[in-house]
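For this one, chain U is given, so just place chain X with the ligands on it according to the hints.
So the chains spell out like this:
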Amino acid sequence: MKVVVCVKQIPDPADPGELDPDSKTLRRDVKLILDESDSYGVEMALQLVDTAGEGEVHLVSMVPNNEVSGLRTALAMGAAGASLISDECLAGSDALGTAKVLAKAIAAQEPDLVLTATESSDGYTGTVPVQIAELLGLPSVTFAKEIEIDGSTAKVKRQTEAGYDDVECPLPAVVSVTAGVVEPRYPSFKGIMAAKNKPVEELTVEALGIDAGEVGWAGSRQDIVEITAAPVREAGEIIEDEGDAHERIVAFLDELKVL
Amino acid sequence: MYEWSEEHQLLRAAMKDFVTREIVPLKPELEHGDMPPYDVLRKLYRTFGMDEFARTEFRRSIEAEKSSADEATDTAVDDTDRPRPRPDAGYILIPIIELCRHCPGMVTAMGVSVGLTASAISSRGTIAQKQRWVEDLVTFDKIGAWAITEPGSGSDAFGSMLSTARRDGDEYLLNGSKTFITNGPYADTIVFICKLDEGNDRSERKVLSFVVESGMEGLEQSKSLRKMGMHSSPTGELFLSDVRVGADHLIGETEDPVGGGRSGAKSTFQQERAGVAAMALGIIEQCLELSVAYARERVQFGRRIGDFQLIQQKLAHMELARMNVQNLVFRTIEMAAAGESMTLAEASAMKLYSARTATDVALDAVQVHGGNGYMAEFQVEQLARDAKVLQIYAGTDEIQTVAIAKDLLD
Ligand SMILES: Cc1cc2nc3c(=O)[nH]c(=O)nc-3n(C[C@H](O)[C@H](O)[C@H](O)COP(=O)(O)OP(=O)(O)OC[C@H]3O[C@@H](n4cnc5c(N)ncnc54)[C@H](O)[C@@H]3O)c2cc1C
Ligand SMILES: Cc1cc2nc3c(=O)[nH]c(=O)nc-3n(C[C@H](O)[C@H](O)[C@H](O)COP(=O)(O)OP(=O)(O)OC[C@H]3O[C@@H](n4cnc5c(N)ncnc54)[C@H](O)[C@@H]3O)c2cc1C
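In order, the protein sequence lines correspond to chains U and X. So that you can map any letter, position 222 of the first sequence is 222 in this note's numbering, and since no number is skipped, the others follow by simple counting. So that you can map any letter, position 94 of the second sequence is 1094 in this note's numbering, and since no number is skipped, the others follow by simple counting.
Isolated chain U, as found in the complex (with noise of 0.2 Å):
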């Protein structure tokens, strides 16, 4: 079984460096990580191929400056290889110029099973999953906590507000990966040492047949109009206990109709 998951390099959340007011983008420049959204992905497809006995996971990403270091982390789990697409093109792309290019490297894999996260930790539109599944015209299942492979068919916990839904659908297909529902497992020895020599194709959008035109600025049709730093957060409000905590407590949560 091969298995591809889709893993984006970014800047790290701890130090994510600073807004570029021109590209009303992140600089990206930095060192680049692997999204924490996605090793949850990869954890999953390493323990499908476990599961099954054969097979092996594959990682496309793509990437300003053919950064590797993300990409790394996720060979040191145990990844067999990558596809990494770096194209000064592809500067300014929105998410469905990236799910193209992520398509038609993807493609390329003949892939059984296709996992990403349900959204970047950065970008955060959570749309490249479908849009991805879409250009390759197989089934979406987005929001997994467990997936099952019986035969040619997937079984899907979906998550939901009030639990999980259970859903069958064919393979191939892209499923999205909610987080925090596996345990990523810590890179080795072992697979450290050999995350160095394993094998990371490097490719362009025109090795992909894409057209420059359909890519990046130019072919984005996503306008970002405006952005700003996030707000500091707000002090909370401190409630003590004078006998009717709860009652505060629960009237505060009914204000935020979370209740």
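If you are wondering where the hints come from, they were derived from the structure by calculation, not from laboratory data. Being a predicted model, the structure only gives us computed values, none of them experimental. Where hints are given, some of them may not hold.
Computed cross-link-like contacts, BS3-like style, restricted to lysine-lysine with a CA-CA straight-line distance of at most 27 Å [said to hold, decoys possible]:
#: 1; chain 1: U; residue 1: Lys198; chain 2: X; residue 2: Lys1066
#: 2; chain 1: U; residue 1: Lys190; chain 2: X; residue 2: Lys1016
#: 3; chain 1: U; residue 1: Lys31; chain 2: X; residue 2: Lys1016
#: 4; chain 1: U; residue 1: Lys190; chain 2: X; residue 2: Lys1142
#: 5; chain 1: X; residue 1: Lys1066; chain 2: U; residue 2: Lys190
#: 6; chain 1: U; residue 1: Lys190; chain 2: X; residue 2: Lys1043
#: 7; chain 1: X; residue 1: Lys1043; chain 2: U; residue 2: Lys196
#: 8; chain 1: U; residue 1: Lys196; chain 2: X; residue 2: Lys1016
What follows is chain X with the ligands alone, placed relative to chain U:
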């Protein structure tokens, strides 16, 4: 090497993550309670596959030793022809550095077991002895202790040593008291260093190393001693009265090892000293990070304390210390990769400098933190207590100084 490699950085990030998630939450019990460090250390070993890795390397080295003992023929497979990824010394030092940012005691416990004790047996032992004891030590399945210090013999380890081995038929009877023994209270496998008593003068006696095992008749392992720092490393006393062992427990199974009985203990000292630089680096990095953050935040006289030159001077000195000690660690990695080892004097100089610097930096970090620095919550007080012992164990500052000067003058 002037910077950590990409692989090193990957390992550091993973280690940092493990320490944050698995060790930091246990710190109240490890550092201020009586929780022994072994279960967490074993989890670390399993998580990173360090146990499996050590086992594979150990078995390979035993096979190599066996085939060279059998005078391998030309057709024998030469392992060196098949390149396999081997970890450089950074793989051993990075876990030390990252653990030392929070629990230097855990490194003491770990280093004594998988480092000192295992290498004391593997550097001089027979193949059978290594298979019997070393494999379980390097994988952390068993806990090791290495016992040379006695109540009356510390810096003068060999001269004042009172512990004895006496021949009794084919066997030996071991007697003596050891103190300040890391892992002593919990050790399964203990290297006991003593002198062969043949009725001759103590100064002429041969130094021998035996393996004794917990549960042997006549061996008593004390409870943990209360101490200033390194609380996540249990330290205790050992009492041996007529512990009976066969010659199979005498390391090397000979009373006349190549280079003499002291050389084994001496090469162990050398290895110990290299590890101290990495420990110091972890302590220094953490103290520096905490101090810089505090100097940015703490406001007095209407300004952040980082604006005062006297505080800036302390931070700048900490940074110098970090750069210097990191360079020493890089040198250790480079030398190991080149198959070179430091002279005893160089190892002493490195240990002396790193230990003293770590203590200075940690005390300065307490100072930068003011009253908070003296409080357990801010962590630097613990690192200051922990750092101090680096100047005492594995040879005191004074003993290192003497060794360096002796090398210059001889
Ligand atoms: C508000 C906003 C800000 C943006 N800021 C920047 C910026 O600062 N710098 C910049 O270069 N671009 C920026 N972009 C573009 C953005 O990176 C792309 O649109 C992105 O590749 C897809 O959007 P997303 O991250 O929201 O994907 P989502 O749909 O949230 O991603 C879901 C999953 O799809 C997969 N995936 C998504 N992108 C990739 C990828 N590139 N490689 C591999 N797998 C992937 C991952 O599994 C991911 O978890 C921004 C976009 C928006 C809307
Ligand atoms: C936490 C901890 C863990 C330890 N773990 C182990 C262990 O696992 N195994 C083990 O065998 N031992 C262990 N030790 C013992 C340690 O190695 C000794 O404490 C150390 O070697 C010093 O010996 P001492 O305590 O007897 O001090 P002493 O030798 O009595 O020294 C007292 C003072 O005199 C100075 N001095 C001594 N000789 C000279 C000289 N010639 N010139 C100038 N000054 C001199 C010393 O430097 C020191 O300042 C441990 C100690 C500690 C504190």
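Can you confirm whether the C-alpha distance between lysine 190/U and lysine 1043/X stays at or below 27 Å? Holds, at about 16 Å.
Within 27 Å, alpha carbon to alpha carbon, are lysine 190/U and lysine 1016/X? 18 Å, holds
Straight-line Cα separation of lysine 190/U and lysine 1142/X no greater than 27 Å? Roughly 22 Å between the alpha carbons, so the hint for lysine 190/U and lysine 1142/X holds.
Is the straight-line distance between the alpha-carbon of lysine 1043/X and that of lysine 196/U 27 Å or less? Roughly 25 Å separates the two Cα atoms, so the pair holds.
Between lysine 196/U and lysine 1016/X, does the CA-CA distance stay at or below 27 Å? 21 Å, holds
What's the verdict on lysine 31/U and lysine 1016/X, does the C-alpha distance respect the 27 Å limit or exceed it? Within the cut-off at roughly 17 Å; holds.
Check whether the Cα positions of lysine 198/U and lysine 1066/X lie no farther apart than 27 Å. With Cα atoms ~33 Å apart, lysine 198/U and lysine 1066/X exceed 27 Å; violated.
Would you mind confirming whether the straight-line C-alpha gap from lysine 1066/X to lysine 190/U stays at or under 27 Å? Holds - the C-alpha atoms of lysine 190/U and lysine 1066/X are around 25 Å apart, at most 27 Å.
The structure fails hint 1 only (numbered hints given earlier).
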